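**Student:** Listed here are the chains, written in short residue letters.
2 protein chains.
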Amino acid sequence: MTVPQGKIGLIAGGGDLPARLVGAAKASGRAVFVVALEGHCEAPDALGAPYEVIRLGAAGKILSRLKAEGCVDVVLAGKVKRPSFASIRPDLRGARLLAKIGFKSLGDDGLLRIIGQELERDGFRLVGAHEIMADLIAPEGTLGAVLPSEQALSDARRGLEIAKVLGRVDVGQGCIVQQGLVLAVEAIEGTDEMIRRSAGYARPGAGGVLVKTSKPQQDKRLDLPAIGITTIEQAHAAGLAGIALQAGGTMIIDRAAVIEKANQLGLFLIGLPETGSTTHE
Amino acid sequence: MTVPQGKIGLIAGGGDLPARLVGAAKASGRAVFVVALEGHCEAPDALGAPYEVIRLGAAGKILSRLKAEGCVDVVLAGKVKRPSFASIRPDLRGARLLAKIGFKSLGDDGLLRIIGQELERDGFRLVGAHEIMADLIAPEGTLGAVLPSEQALSDARRGLEIAKVLGRVDVGQGCIVQQGLVLAVEAIEGTDEMIRRSAGYARPGAGGVLVKTSKPQQDKRLDLPAIGITTIEQAHAAGLAGIALQAGGTMIIDRAAVIEKANQLGLFLIGLPETGSTTHE
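Chain order of the listed sequences is A and B. If you count by the UniProt record's numbering, then the first sequence holds residues 1 to 281, one letter each, in order. If you count by the UniProt record's numbering, then the second sequence holds residues 1 to 281, one letter each, in order.
Hints should not be assumed to be uniformly reliable.
For identical chains, the list gives no copy identity; a pair is met inside one copy or between any two copies.
[Said to hold, decoys possible] With a straight-line Cα cutoff of 25 Å, these simulated DMTMM-like cross-link-like pairs (lysine to aspartate or glutamate) come out:
no., residue 1, residue 2
1, K100, E260
2, K61, E140
3, K215, E120
4, K81, D254
5, K100, E150
6, K26, D254
Simulated from the structure, these hints should not be mistaken for laboratory data. The structure presented is a predicted model; accordingly, all values stated were derived computationally and were not measured.
Start from the sequences and build out the full structure, keeping to the hints where you can.
**Tutor:** Quick look at the structure:
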């Protein structure tokens with residue numbers, strides 16, 4: 001892998017990933033300028049790089065600022081919640097983009113895809129977070145010390161199958177399966193809320209697996225589903241036995257710490273190939 | 001349609017449907033004996049027919065009681081929530097059934113299918129609620145006075161497509177779509193809880209459609225998805241514009257009253273053919 005050179009422009013949403021990316025970029029000797037998305041990026045001061053807070057709707061301002069900073073490679077990273085209509089306040093460029101998206105895909109993958117295209121049209125190079133930070137993409141196989149039971153593996157395969165068909169119709173990227181029964185399917189509410197909800201329907205002590213996948217058509221440079229330490233903690237709190245990730249299609253933020261937490265709480269963590277989702281029962 | 005004769009055995013879960021079925025059966029001159037499922041059928045006294053409260057796990061007792069009452073036609077109707085493991089307390093026959101189901105499908109369609117097969121093995125005739133009560137199955141076309149907008153129809157078609165693929169992998173039978181965005185997908189939590197949840201993610205004033213379908217492999221005599229007056233009220237409370245039902249594959253409990261409520265609250269109600277779920281976009 002040739003390491004790309006020059007200053008990186010980071011368009012940052014919420015969560016841990018943006019700060020970690022800044023750290024990884026700086027460790028490889030590259031400067032970073034951050035566009036911290038207003039209302040999404042929680043603590044721009046803590047990112048460790050110069051930044052400006054700009055609202056998502058001000059697409060023109062985002063692009064011109066990145067250009068002024070001399071960024072060529074641009075990364076989008078971090079959680080972006082579906083913006084409320086009132087909070088967008090588009091600038092001229094933003095309004096043109098909104099018209100193109102037709103409002104309806106706002107907060108959905110469609111939005112990110114359009115933003116990615118727009119960046120490339122302006123001469124930027126869209127770079128995936130995993131190209132800057134090693135160990136971000138979930139590998140195949142068991143991670144950590146806890147092994148999944150036969151039942152858990154069967155639940156994981158059922159979950160992958162479900163997540164795959166959901167992805168094909170462009171819905172969520174996760175579900176929770178316990179002993180063959182689907183306790184929850186993820187739509188717009190996000191993984192955290194889905195895990196919390198599932199606890200109310202799980203049979204105590206009967207395990208259960210959180211499954212995360214990407215959509216088949218997903219651009220790996222844009223918003224791959226991610227888990228982190230809090231995902232492990234929430235899965236544990238909901239009584240789940242472990243987490244199954246689509247290998248190559250999901251991210252683990254801070255892998256070493258995530259594995260340590262999973263070991264400590266007794267959860268398994270496994271990466272499964274997408275082809276493993278085909279059931280022959 | 002030849003009306004079946006003799007006393008009807010009604011195995012009753014929760015909700016309005018069992019009492020309405022008793023009324024419809026009596027109106028057509030047929031006697032009814034009710035097995036009120038313990039913990040599921042809320043008000044057996046109000047059903048208007050002789051009954052015995054028996055727990056779901058006591059399959060042997062249910063079957064022998066129905067036999068002793070001279071019932072030949074048996075209907076299963078009403079909501080049955082996923083039973084907790086402790087609450088089942090199977091009798092001998094129940095234990096044999098549980099072993100057959102392998103526990104894992106409890107509360108899922110698998111359970112109902114096995115119960116249906118078991119009834120027929122014992123010489124009963126499994127009858128669908130819609131065979132006793134006219135107007136129960138959702139017809140094709142707009143019901144009520146409110147017409148869906150173009151956007152709502154597009155949302156309804158997207159919802160049918162999603163519910164169809166979910167049904168194929170034996171997950172839930174409903175979802176909520178607003179301007180192309182899937183706000184919620186139903187798994188084990190049920191329609192009511194899904195509607196409540198969606199309100200937190202809906203864009204106010206932007207409509208949204210509740211879509212209900214049956215699973216492709218679903219036996220129409222067993223537990224077709226149903227809506228009633230409370231579904232209309234909840235959809236209204238969540239700000240949805242209307243409800244789209246798979247024509248021929250879902251039930252409307254108390255159609256006249258449901259339509260009246262929908263008109264009153266300004267919600268559309270439409271039955272769409274399953275083939276309408278194919279999108280050509």
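**Student:** Which numbered hints are broken by the structure, listed smallest first?
**Tutor:** Of the numbered hints given earlier, those the structure breaks are 1 and 2, listed in rising order.
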